[in-house]
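From first to last, the protein sequence lines stand for chains A and C.
Here this note's numbering is used: the first residue of the first sequence is 420, the next is one more, and so on.
Here this note's numbering is used: the first residue of the second sequence is 420, the next is one more, and so on.
By construction, these hints were calculated from the structure, which means they are not laboratory data.
None of the values given here were measured: they were computed from a predicted structure.
The hints are all genuine.
Because identical chains share one entry, a pair is satisfied inside a single copy or across any pair of copies.
Derived pair list, reagent style EDC-like, types lysine to aspartate or glutamate, alpha-carbon separation capped at 20 Å:
id	residue 1	residue 2
1	LYS504	GLU567
2	LYS485	GLU570
3	LYS471	GLU567
4	LYS481	ASP428
5	LYS472	GLU570
6	LYS480	ASP425
7	LYS485	GLU467
8	LYS566	GLU508
Number of protein chains: 2
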Amino acid sequence: MAYTLDHIDTQILAMLQNNSNRTTKSIADELGMTTSPIFERIKKLEKEGYIKKYVAVLDNKKIGLKLTVFIGITLQGHTRSYLEKFVTEINNFPEIVECHRVSGNFDYLLKLVVEDIEAYEHFIISKLTLLPYLGNVQSLITLSTGKETNEIDLSRV
Amino acid sequence: MAYTLDHIDTQILAMLQNNSNRTTKSIADELGMTTSPIFERIKKLEKEGYIKKYVAVLDNKKIGLKLTVFIGITLQGHTRSYLEKFVTEINNFPEIVECHRVSGNFDYLLKLVVEDIEAYEHFIISKLTLLPYLGNVQSLITLSTGKETNEIDLSRV
DNA sequence: TCTATTTTAAGAATATAATTCTGTTTAATT
DNA sequence: AATTAAACAGAATTATATTCTTAAAATAGA
Numbered sequence: 420m421a422y423t424l425d426h427i428d429t430q431i432l433a434m435l436q437n438n439s440n441r442t443t444k445s446i447a448d449e450l451g452m453t454t455s456p457i458f459e460r461i462k463k464l465e466k467e468g469y470i471k472k473y474v475a476v477l478d479n480k481k482i483g484l485k486l487t488v489f490i491g492i493t494l495q496g497h498t499r500s501y502l503e504k505f506v507t508e509i510n511n512f513p514e515i516v517e518c519h520r521v522s523g524n525f526d527y528l529l530k531l532v533v534e535d536i537e538a539y540e541h542f543i544i545s546k547l548t549l550l551p552y553l554g555n556v557q558s559l560i561t562l563s564t565g566k567e568t569n570e571i572d573l574s575r576v
Numbered sequence: 420m421a422y423t424l425d426h427i428d429t430q431i432l433a434m435l436q437n438n439s440n441r442t443t444k445s446i447a448d449e450l451g452m453t454t455s456p457i458f459e460r461i462k463k464l465e466k467e468g469y470i471k472k473y474v475a476v477l478d479n480k481k482i483g484l485k486l487t488v489f490i491g492i493t494l495q496g497h498t499r500s501y502l503e504k505f506v507t508e509i510n511n512f513p514e515i516v517e518c519h520r521v522s523g524n525f526d527y528l529l530k531l532v533v534e535d536i537e538a539y540e541h542f543i544i545s546k547l548t549l550l551p552y553l554g555n556v557q558s559l560i561t562l563s564t565g566k567e568t569n570e571i572d573l574s575r576v
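Construct the entire structure; sequences and hints are all you get.
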């Protein structure tokens, strides 16, 4: 039932996750094929959900969002309904770009992108700490970023 | 000297970071303009570096990379040359998708995407722990992800 | 305030790429 | 080996990106 990726699919995915504006022609040439099968494969990869979406990656700092912060959070209550509510609330904050439920020293790890320290403090005070059952909150302020990509390693799949 | 974004630019960026396959026509229509100025603005945004690249976002789990782990690391030595070397090494690991130097309880926070726990253990043993001057290493294993996006909040810039 | 200059947009024209279609080959199935 | 289904090539078409020309608007200087 489930569609299985072959080596050609994997190569197409690898190319598109690096640059999605490549033409089917250039991909076809690199793989020694013609555009039709490449086109059909891409459509299939989209339809089957291997490709979720196509996005422009922006330069946060240049745009004025200079601060990235990771926030580790523990909750005091762990009822299912509360956890769901917590995630829903977090999802609605545009400053939060990631929210992971984790095992380890925290319950949740958030990633947040804002203008600066003041905007961060404002977020903490006027948004985050208003959520109930909040336990420990620990911030990791990003000083510099050595690597930040979406490209996952397809060499082994 | 520096180019300043106006409201139209911001709207274009917001649309493209949500879906970069939109046609200039559809953007133009939504903004009540024609394709030429939209096209020129996009080219300018690319040239000036506000748009870094266009990428396909893949479904990690579907592709077989089911595990995301955040790794907090402290180093024992902090010489400049060593830090640089550390970052360089980390950059070469395809499993690592993010590497941030942070303030707080760790020196570095890494984000890693791999097949499963075994692949993760293999990475730790055969790659990470081979790096010198490694201090404390703490892992946060992702159990579930409530939000994971590249879309930064442009409503305020 | 007026004029010159620059920027921005519109609209048409062109080039390029995506998409569709048809026929052929290859692989898989029975 | 015959039949069916997939995958591909190549041409044809459609849609979109890109360029070009002109007009309007905004800006700066006198």
